[in-house]
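Undergrad: Sequence:
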Amino acid sequence: MSLTIKVPPVGESITEVTLSSWKKKDGDAVKMDEVIAELESDKATFELTAEKDGILKITAHEGDTLPVGAVVATIEDNGATAATPVKSAAPAAQPQPEVVANAPAPPPANAVPVTAATSPSASVALDVKVPAVGESITEVTLSRWIKKDGDTVAMDEAIAELESDKATFELTAEKAGILKTLVKEGDTVPVGAVVCRIESTAANAVVVASPNGAAPVAAPAPVLADKSYASGTPSPAAAKILAEKDLDPKAVSGTGVAGRITKEDALLAEKVSENPQGKVAPDTIATPAPTVKTEAPKPAVTSGPRSERREKMSSLRKTVAKRLVAVKNETAMLTTFNEVDMSPIMELRAKYKDKFKEKYGVGLGFMSFFTKAVCEALKEWPAVGARIDGEEVVYSNYADISIAVSAPKGLVVPVIRNAEAMSLAEIEKAVAALAVKARENKLTIEEMTGGTFTITNGGVFGSMMSTPILNSPQSAILGMHNIVERPIALNGQVVIRPMMYVALSYDHRIIDGRESVSFLVRVKQLLEDPARLLLGV
Numbered sequence: 001m002s003l004t005i006k007v008p009p010v011g012e013s014i015t016e017v018t019l020s021s022w023k024k025k026d027g028d029a030v031k032m033d034e035v036i037a038e039l040e041s042d043k044a045t046f047e048l049t050a051e052k053d054g055i056l057k058i059t060a061h062e063g064d065t066l067p068v069g070a071v072v073a074t075i076e077d078n079g080a081t082a083a084t085p086v087k088s089a090a091p092a093a094q095p096q097p098e099v100v101a102n103a104p105a106p107p108p109a110n111a112v113p114v115t116a117a118t119s120p121s122a123s124v125a126l127d128v129k130v131p132a133v134g135e136s137i138t139e140v141t142l143s144r145w146i147k148k149d150g151d152t153v154a155m156d157e158a159i160a161e162l163e164s165d166k167a168t169f170e171l172t173a174e175k176a177g178i179l180k181t182l183v184k185e186g187d188t189v190p191v192g193a194v195v196c197r198i199e200s201t202a203a204n205a206v207v208v209a210s211p212n213g214a215a216p217v218a219a220p221a222p223v224l225a226d227k228s229y230a231s232g233t234p235s236p237a238a239a240k241i242l243a244e245k246d247l248d249p250k251a252v253s254g255t256g257v258a259g260r261i262t263k264e265d266a267l268l269a270e271k272v273s274e275n276p277q278g279k280v281a282p283d284t285i286a287t288p289a290p291t292v293k294t295e296a297p298k299p300a301v302t303s304g305p306r307s308e309r310r311e312k313m314s315s316l317r318k319t320v321a322k323r324l325v326a327v328k329n330e331t332a333m334l335t336t337f338n339e340v341d342m343s344p345i346m347e348l349r350a351k352y353k354d355k356f357k358e359k360y361g362v363g364l365g366f367m368s369f370f371t372k373a374v375c376e377a378l379k380e381w382p383a384v385g386a387r388i389d390g391e392e393v394v395y396s397n398y399a400d401i402s403i404a405v406s407a408p409k410g411l412v413v414p415v416i417r418n419a420e421a422m423s424l425a426e427i428e429k430a431v432a433a434l435a436v437k438a439r440e441n442k443l444t445i446e447e448m449t450g451g452t453f454t455i456t457n458g459g460v461f462g463s464m465m466s467t468p469i470l471n472s473p474q475s476a477i478l479g480m481h482n483i484v485e486r487p488i489a490l491n492g493q494v495v496i497r498p499m500m501y502v503a504l505s506y507d508h509r510i511i512d513g514r515e516s517v518s519f520l521v522r523v524k525q526l527l528e529d530p531a532r533l534l535l536g537v
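For what it's worth, my numbering labels the leading residue of the sequence shown as 1, then goes sequentially.
Just so you know, the hints here were simulated from the structure itself, not pulled from any lab data.
Certain hints may be false.
Unchecked claim - Calculated cross-link-like contacts (lysine-lysine; reagent style DSS-like; alpha-carbon spacing at most 30 Å):
(1) 147 with 6
(2) 312 with 25
(3) 23 with 312
(4) 175 with 147
(5) 52 with 25
Please put together the full structure from these sequences, using the hints given.
TA: Here it is, written out as structure tokens:
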């Protein structure tokens with residue numbers, strides 16, 4: 001008996017995963033609880049195990065994106081699951097009609113020759129799908145039908161107008177026939193979805209009788225010499241070239257299907273227009289002889305090799321991109337800046353870092369100071385750690401701080417739970433442990449969900465100033481930057497101090513300017529006087 005292996009539920013907000021790799025091959029013998037595949041969601045990578053012993057039969061391929069609950073494989077029982085059947089007594093022979101070899105049955109006396117007009121099954125339907133229109137576009141809106149349901153359409157004729165978030169373009173018929181629409185105007189459909197069907201007309205297929213009396217065979221329709229919709233119409237690429245060179249399409253004869261002007265036709269017309277003294281005959285321009293090869297324009301001289309490389313976006317990268325765009329579109333995000341004199345913290349670290357590491361087994365970094373300062377400031381300004389849920393604002397009496405970490409597969413944001421109750425040493429240990437898990441792709445879903453406030457440190461890469469984007473559904477994020485020695489005025493004197501710019505991006509829908517600026521000033525005060533973190537003042 002076979003057992004079906006499905007994509008297991010991996011989190012409330014995760015609806016699909018990517019099958020990144022198979023650990024076992026099709027036909028391999030597997031044992032119960034043995035790892036057979038690796039799945040990747042937008043938040044973490046996890047393993048899929050066999051639920052019993054048997055032979056693995058793979059149904060999904062590496063790189064496939066699968067919804068939760070989809071079947072990825074089956075496990076068959078070991079051994080011969082079906083023995084060779086024992087032959088039983090031959091069943092009673094069924095009476096068969098007498099057949100005379102090589103003698104086709106004569107047609108009825110009143111048979112009518114089958115033609116295109118009398119053949120009801122001569123039509124073949126062609127599904128028309130939404131084409132791929134860009135790497136970042138996954139769905140489009142069918143804004144209007146240019147042709148109506150039941151209309152006769154010609155090949156390459158525009159039948160509908162599709163609209164994406166970036167551009168509007170036309171959908172053309174891929175063959176001539178009768179249009180059958182399947183979606184309505186205004187519907188949003190994914191790329192690759194079928195939007196209509198084109199059925200062949202009776203005139204497009206001629207049915208002829210086989211000379212040996214076999215079933216009728218559909219013969220291809222003859223090519224008509226009459227002009228159609230496509231005659232003299234440039235393709236999109238050709239239209240762009242003609243428009244750039246201000247050339248009239250009527251002066252260019254098309255060599256494409258049904259007289260359509262192709263890109264090659266437009267390039268040839270452009271070349272002729274740039275060299276009018278070349279004495280090229282009009283007939284030669286319109287219909288170039290197939291044996292004459294036009295020399296391609298020489299590419300610009302470059303130094304060194306030129307190449308491109310394409311990689312499929314990971315599920316993590318696609319989800320991060322989608323969420324960042326959503327945050328920019330759905331929130332009233334603003335950023336306020338300040339600067340911090342890092343001298344007190346740097347002097348404190350230089351004085352106690354060796355004893356700190358000897359006692360706690362972890363280094364004393366800047367992240368623990370910033371985390372403690374944020375936790376103290378959130379107590380005074382709770383709106384900065386709040387979030388919008390529908391028509392309500394949710395306030396938290398705890399501080400779950402998300403720390404942005406750069407992992408091999410992209411940016412991840414694990415969470416330190418109840419950071420407000422942790423010491424500097426506990427925070428440093430938590431940050432170090434999460435960073436190691438992130439680099440090894442071992443973060444769990446629980447370690448990456450939740451969070452009330454985010455800290456990101458672009459300074460480790462040399463960033464001087466930036467405007468970090470909110471980590472939805474949170475309402476604020478603090479950006480750290482590099483430390484640079486700069487002259488400042490201190491007590492009437494110009495002195496050199498290690499300074500850091502800090503940025504607070506926030507959702508202005510629930511955080512006012514007074515709260516955001518006061519919060520950042522409070523963080524500045526606590527960092528420039530670390531004793532306040534210990535005394536809570």
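Undergrad: It remains to establish, for every hint, whether it holds in the given structure.
TA: Results of checking the hints against the structure:
1. 147 with 6: violated (43 Å)
2. 312 with 25: holds (23 Å)
3. 23 with 312: OK: residue 23 and residue 312 at ~21 Å, within 30 Å.
4. 175 with 147: holds (14 Å)
5. 52 with 25: Distance of about 16 Å is within 30 Å: holds.
Hint violations for this structure: number 1 only, all remaining hints satisfied.
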